[in-house]
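Novice: Sequence:
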Amino acid sequence: MNKPDYLMLSGIQHFVFCKRQCALIHLEQNWEDNTLTLLGDALHERVNEPHTESRPGMKIERARSIKSERLGLYGKADVVEFYHPPAGMSSSSRLQAVLTGGAKTNTQWIPFPVEYKRGKPKAGLEDKIQLCAQAFCLEETFDCKIEKGALFYGKERRRLEVEFDYDLRQATIEASEGFHEMMRSQKMPPTEFGPKCKNCSLMELCMPETEDVNLEKYLESEEL
Numbered sequence: 000m001n002k003p004d005y006l007m008l009s010g011i012q013h014f015v016f017c018k019r020q021c022a023l024i025h026l027e028q029n030w031e032d033n034t035l036t037l038l039g040d041a042l043h044e045r046v047n048e049p050h051t052e053s054r055p056g057m058k059i060e061r062a063r064s065i066k067s068e069r070l071g072l073y074g075k076a077d078v079v080e081f082y083h084p085p086a087g088m089s090s091s092s093r094l095q096a097v098l099t100g101g102a103k104t105n106t107q108w109i110p111f112p113v114e115y116k117r118g119k120p121k122a123g124l125e126d127k128i129q130l131c132a133q134a135f136c137l138e139e140t141f142d143c144k145i146e147k148g149a150l151f152y153g154k155e156r157r158r159l160e161v162e163f164d165y166d167l168r169q170a171t172i173e174a175s176e177g178f179h180e181m182m183r184s185q186k187m188p189p190t191e192f193g194p195k196c197k198n199c200s201l202m203e204l205c206m207p208e209t210e211d212v213n214l215e216k217y218l219e220s221e222e223l
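If you read the sequence shown in numbering that gives the first Met the number 0, its first letter stands for residue 0, the second for the next number, and so on.
Simulated from the structure, these hints should not be mistaken for laboratory data. Any given hint could turn out to be false.
[Unchecked claim] With a Cα cut of at most 27 Å, we get these calculated BS3-like pairs of lysine-lysine: (1) K195 <-> K121; (2) K186 <-> K119; (3) K121 <-> K144; (4) K195 <-> K119; (5) K197 <-> K147; (6) K18 <-> K186; (7) K144 <-> K195; (8) K147 <-> K66; (9) K197 <-> K18; (10) K154 <-> K18; (11) K66 <-> K18; (12) K75 <-> K121; (13) K119 <-> K154; (14) K66 <-> K186; (15) K119 <-> K18; (16) K197 <-> K121; (17) K147 <-> K119; (18) K144 <-> K197; (19) K195 <-> K75; (20) K154 <-> K144; (21) K119 <-> K197; (22) K144 <-> K66; (23) K154 <-> K195; (24) K147 <-> K121; (25) K154 <-> K75; (26) K154 <-> K197; (27) K154 <-> K121; (28) K121 <-> K18; (29) K75 <-> K144; (30) K195 <-> K18.
[To be verified] Computed Cβ-Cβ distance ranges for the label pairs, DEER-style: (31) K186 <-> K144: 14 to 22 Å; (32) S53 <-> R117: 38 to 46 Å; (33) R156 <-> H50: 16 to 24 Å; (34) R69 <-> M187: 26 to 34 Å; (35) Y73 <-> E162: 19 to 27 Å; (36) I172 <-> G118: 35 to 43 Å; (37) P194 <-> P55: 39 to 47 Å; (38) T51 <-> N29: 30 to 38 Å; (39) I59 <-> E155: 15 to 23 Å.
Owing to the predicted nature of the structure, the values given are computational and were not obtained by experimental measurement. Yeah, the Cβ is synthetic: ideal placement off N, Cα and C, and Gly gets one too.
Given only the sequences and the hints, what does the whole structure look like? Please build it.
Specialist: Spelled out as structure tokens, the structure:
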């Protein structure tokens, strides 16, 4: 990976969910809203205004800009919660150092990323990988180990705690590498028609029920 070539962190979720959808959005710059995407936008509007607040034993930062050199990704974390200020330093002093990135921490202010999603928990890994990528970003910024984060699903109004174990971290690294390779190749992946296509706002552009035409095979058949 060419390290300066950062891609949008949200794209890793698109890539894992559907490579065709990812290419339409990030290669061809296509996007169409439908009812579900608009509902998702409305949910994110509540958390995407930059804001910092304090509560007993924790600090909360919303819409924090993040990036990972290792993954070559950048974006925003919906919410990052910070826990446990270290002994010998006031909460306000440590918080200022953490939020400005002015101090590396081996830290007792452990970041805990929270990603907001419109619907309900998915069978696939796409949401967990997006959250894990945020953890990679925060670990690089704060020089710490983040064990867990959470996905908040609007339809069920509850959090799903996610552990950033070895398998999820490896899947995140592999997804990032695949996303970068797709963008470097500039090739449109083949269609993958399935149940997930029904609610995709890009279905008319993708036409997943139509098989991709192999031009070389088509010309050979015409010659025959």
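Novice: Each hint: holds or not?
Specialist: Results for each hint:
Of the supplied pair hints, the one linking K195 and K121 holds, its CA atoms being roughly 11 Å apart against a limit of 27 Å. Between K186 and K119, the direct Cα distance comes to roughly 32 Å. Violation of the 27 Å bound is thereby established for this hinted pair. Taken as a hint, the K121 and K144 pair is honoured in the structure, with Cα atoms around 26 Å apart against an allowance of 27 Å. Of the supplied pair hints, the one linking K195 and K119 holds, its CA atoms being roughly 14 Å apart against a limit of 27 Å.
Simply put, K197 and K147 have alpha-carbon atoms about 32 Å apart, too far for the 27 Å limit, and the pair is violated. Restraint check: the Cα-Cα separation between K18 and K186 comes to about 11 Å, which is no more than 27 Å; the hinted pair holds. Pair hint K144 plus K195 does not hold up; C-alpha atoms about 34 Å apart against a cutoff of 27 Å. The straight-line distance between the Cα atoms of K147 and K66 is roughly 18 Å, inside the 27 Å bound, and the hint therefore holds.
Of the supplied pair hints, the one linking K197 and K18 holds, its CA atoms being roughly 16 Å apart against a limit of 27 Å. Restraint check for K154 and K18: satisfied, since their Cα atoms lie roughly 25 Å apart, inside the 27 Å limit. Distance restraint check for K66 and K18: the Cα-Cα separation of roughly 22 Å lies within the 27 Å cut-off, and the hinted pair is therefore satisfied. For the given pair, K75 sits about 22 Å from K121 by alpha-carbon distance, which is consistent with the 27 Å threshold.
This hinted pair checks out: K119 and K154 have alpha carbons roughly 6 Å apart, not beyond 27 Å. Taken as a hint, the K66 and K186 pair is honoured in the structure, with Cα atoms around 25 Å apart against an allowance of 27 Å. For the suggested pair K119 and K18, the alpha carbons sit about 21 Å apart, so the restraint of at most 27 Å is met. Between K197 and K121 the alpha-carbon distance is near 15 Å, which keeps this suggested pair within the 27 Å criterion.
Of the pairs offered as hints, the one joining K147 and K119 holds, with about 19 Å between alpha carbons and a cut-off of 27 Å not exceeded. Annotation: proposed proximity of K144 to K197 is violated, straight-line Cα distance about 39 Å (limit 27 Å). For the given pair, K195 sits about 26 Å from K75 by alpha-carbon distance, which is consistent with the 27 Å threshold. Proximity of K154 to K144 is assessed by CA-CA distance (about 31 Å); at most 27 Å being required, the pair is judged violated.
For the hint linking K119 to K197, the alpha-carbon distance of about 16 Å falls within 27 Å, and the restraint holds. Our distance criterion of 27 Å between C-alpha atoms is met by K144 and K66, whose separation comes to about 16 Å. Restraint check for K154 and K195: satisfied, since their Cα atoms lie roughly 17 Å apart, inside the 27 Å limit. The hinted pair formed by K147 and K121 meets the criterion: a straight-line CA distance of about 18 Å does not exceed 27 Å.
The hinted pair formed by K154 and K75 meets the criterion: a straight-line CA distance of about 22 Å does not exceed 27 Å. For the proposed pair K154 and K197, the alpha carbon gap of about 18 Å is at most 27 Å, so the pair holds. For a cut-off of 27 Å, the pair hint linking K154 to K121 stands: about 12 Å separates their Cα positions. In summary, the hint linking K121 to K18 is supported, as the alpha carbons are separated by about 17 Å, within the 27 Å threshold.
Only pairs whose Cα atoms come within 27 Å are accepted, and K75 paired with K144 is accepted, the gap being roughly 19 Å. Under the criterion of a C-alpha separation no larger than 27 Å, the hint pairing K195 with K18 is consistent with the structure, at around 12 Å. For K186 and K144, the Cβ-Cβ distance of about 37 Å falls outside the hinted range of 14 to 22 Å, so the restraint is violated. At roughly 28 Å, the beta carbons of S53 and R117 sit outside the given window of 38 to 46 Å.
Roughly 21 Å separates the CB atoms of R156 and H50, a value that falls within the hinted 16 to 24 Å. About 27 Å separates the C-beta atoms of R69 and M187, a value consistent with the hinted range of 26 to 34 Å. About 24 Å separates the C-beta atoms of Y73 and E162, a value consistent with the hinted range of 19 to 27 Å. Our hint of 35 to 43 Å for I172 and G118 is violated, since their Cβ atoms are close to 26 Å apart.
Separated by about 45 Å at the C-beta atoms, P194 and P55 satisfy the suggested range of 39 to 47 Å. For T51 and N29, the hinted distance range of 30 to 38 Å is satisfied, since their beta carbons lie about 35 Å from each other. Range check, I59 to E155: about 21 Å between beta-carbon atoms, so the 15 to 23 Å window is met.
The earlier numbered hints that this structure contradicts are 2, 5, 7, 18, 20, 31, 32, 36.
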